[in-house]
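Trainee: Okay, here's what each chain looks like letter by letter:
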Amino acid sequence: MTKIDTSRPETVLPTPSHTVGPFYGHALPFTGGGDIAPVGHPDTIVLQGHVYDGEGNPLPDALVELWGADPDGNVPRVDGSMLRDPASGGFLGRNGVEFTGWGRVQTDASGHWTARTLRPGARGRNAPYISVCVFARGLLLHLYTRLYLPGDEAALAADPLLGQVDEARRGTLVAVDEGNGTYRFDLRLQGEGETVFLEFR
Amino acid sequence: MTLTQHDIDQEIAAQHAAYEKRIADGAPVEHQPRRDYAPYRSSVLRHPKQPPVTIDVTQDPELVELSSPAFGERDIAEIDNDLTRQHNGEPIGERITVSGRLLDRDGRPVRGQLVEIWQANSAGRYAHQREQHDAPLDPNFTGVGRTLTDDSGCYTFTTIQPGPYPWRQHLNAWRPAHIHFSVFGTAFTQRLVTQMYFPSDPLFPYDPIIQSVTDDAARQRLVATYDHSLSVPEFSMGYHWDIVLDGPNATWIEEGR
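Keeping their order, the protein sequence lines are chains D and H.
Quick note, the first sequence lines up with residues 1 to 201 if you use UniProt numbering.
Quick note, the second sequence lines up with residues 1 to 257 if you use UniProt numbering.
No wet-lab data here; the hints were simulated from the structure.
Take these hints with a grain of salt, some might be off.
[Claimed, not checked] Far from chain D by the CB rule (all over 12 Å, computed), these chain H residues:
| hint | residue |
| --- | --- |
| 1 | Gln5 |
| 2 | Ala14 |
| 3 | Pro164 |
| 4 | Ser231 |
| 5 | Glu234 |
[To be verified] Coverage of chain D stretches by chain H, computed from C-beta distances (three or more under 8 Å per stretch; other residues unrestricted):
| hint | segment |
| --- | --- |
| 6 | 22–32 |
| 7 | 45–59 |
| 8 | 76–84 |
| 9 | 100–111 |
| 10 | 118–126 |
| 11 | 159–166 |
| 12 | 183–192 |
Predicted model only: the values in this text are computed from it and were never measured.
Even glycine gets a Cβ: it sits at the ideal position worked out from N, Cα and C.
Extracted from the complex, chain H is given alone in its bound form:
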């Protein structure tokens, strides 16, 4: 039988109710999705069933995981953070400016670290061979960007508002418009790959990927804020999105002692 949106809606509601009950019973807030979130079917065979083994980093400040790979200006090309200038012509769509800070969990800026993004074009099509959605490719848009955070931990990208796209998990499955982010912290333990969404997207309730973050407040942290001060006159709409890395780092150990 065809899996419908209604089936997925019911599973999402059940997962949310189960989380609310755990919280009511005194369990801690879950900032991260559970890896075994079945409404996202691809997770079913790809999550460990054994609990992870915990490493207490305060016991060993020399752990290699408490350091992070380094990136520098030679890893970045001049126009990497402007996805609208990577081809001969102008890409189609609404230009946007996306900017924010990369912070550790103590709110300290993470400086000089790599931020990578990738996204669909304005029609909701990725420039990827395996993409099956028949929306048009844009010869002037690849949808890939990179930058290093500056001395205050800030990053900025100029790009095109991505479109929503159908992904065939179930009948009429549509992903809300999003930009994929991959970021590094000062420790490898802080590595993060995630997705940024846009305010008030009507697809949020239907999407099992954003709903895999069952905590309502945590889910909101994936949604950028429209910021008129970031909008560029006669050019682009501005969105602000701060990223806070989870996971301990070396400075955290010093303070934890």
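Chain D with its partners taken away, still in its complex shape:
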């Protein structure tokens, strides 16, 4: 049943997704999960927001993963996001020097998440963005979206995905500049102002 015969492609079918459930908190979050930016890096940006359900209530049990290019638009190939202490097995936090491009944060009791990362550079015809993946109790299959940074209106106007999205909903993909390198990006899973979510084919 679950021994896949790779010599028969018709039997290689996807493993279904399930919800992350309520009890991932002792397993998936790790020290320094949102401290993606190397310490003191001049391109550091702060990202923060809330995750809301269809009644506008915040989710205290959502998990947000961020994955983005470095400031030159290159994909990081560096490991070490969750450095470990060989003696205790605990998490050490990142080394503050290398940029892995990936982070994982959980929402707090008020549904708020925050992360510090580097301002991504553009790749190809795309405006600079960070890929966002959301997991939550109640969400049977995770959701992808993108966090675009405001400022370069020409780049945003030329972005292939943003051009595909209905103008009324485009704003849900662009973070709000709150000054001092801080950007707000709220995720609304349902209802008024519902975030644009993506599927890849």
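Dock chain H against the given chain D, drawing on the hints supplied.
Mentor: Same frame as chain D, but now just chain H:
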């Protein structure tokens, strides 16, 4: 009025019948659960109502989503894949060995990628502050493991058979025993969080979470196979569970051209 198992059973049957009808009418097989599966009540306010916007990855091989974060040996501690050795004493319960391959949808092994697991202890209790089930905690079992897949895409964990646990969605709601898995592929589009079950669990028909996968064959792919060759003499029962990642990756684009 109290929501009963009978109410949920009827909803599960209705969803299954609706899926069978869609298939009979020519709709494609659904390998993934629908996010708006109401028998699992927590989904009701947490699924988008707008359809997703589709990105055709073949139009742009440079998309950052076609690459994946990297993990290495410094992200893993020595005994992370042996959940029975993480404390001073032996955990209570039946030791099991769970092993399998991480594959992409072309059947190619995914090498050197992160596999994380978490689970309840043998009494069905999670080592989590918010857990309300009053089954005993095991001071020698946290129920968290990590490993990297090897050069053939294989992972292996040594752990304890988890117990079923009550979860209060409706009266007498019990989750079948399961292990949560979180895995990465070669592309961020292949990210997967799911749950592995054990063969012939009598709770399957009653559980709206496993039944959210309405396709019978797809649901079976969540169930591990007992594998005597993985059982360790005088030590553990062996289970085999291969994972196939959905979602396109960069090699898939090359072949698709």
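Trainee: Hints first: check each against the structure and report whether it holds.
Mentor: Hints versus structure:
Under the 12 Å C-beta cut-off, the non-interface status given to glutamine 5 of chain H relative to chain D holds; the minimum distance is some 20 Å. Under the 12 Å C-beta cut-off, the non-interface status given to alanine 14 of chain H relative to chain D holds; the minimum distance is some 17 Å. With a least CB separation of 14 Å from chain D, proline 164 of chain H remains clear of the 12 Å interface cut-off, as annotated. With a least beta-carbon separation of about 15 Å from chain D, serine 231 of chain H lies farther than 12 Å from that chain, consistent with its non-interface assignment.
At roughly 25 Å from the closest C-beta of chain D, the C-beta of glutamate 234 of chain H stays outside 12 Å, upholding its exclusion from the interface. A stretch counts as covered by a chain when three or more of its residues have a beta carbon under 8 Å from one of that chain; for the segment 22–32 of chain D and chain H the count is 7, and the coverage holds. Check on the segment 45–59 of chain D: 5 of its residues sit with their Cβ under 8 Å from a Cβ of chain H, so the three-residue criterion for coverage holds. Using a Cβ-Cβ cut-off of 8 Å, 9 residues of the segment 76–84 of chain D lie near chain H, which meets the minimum of three, so the contact claim holds.
Look at the segment 100–111 of chain D against chain H: 3 of its residues bring a Cβ nearer than 8 Å to a Cβ of that chain, three or more, so the hint holds. For the segment 118–126 of chain D, the stated coverage by chain H holds: 5 residues have a C-beta nearer than 8 Å to a C-beta of that chain, and at least 3 were required. Given a C-beta distance limit of less than 8 Å, the hint that chain H covers the segment 159–166 of chain D holds, as 4 residues qualify and 3 suffice. With 3 residues bearing a CB less than 8 Å from a CB of chain H, the segment 183–192 of chain D meets the requirement of three and the coverage assertion stands.
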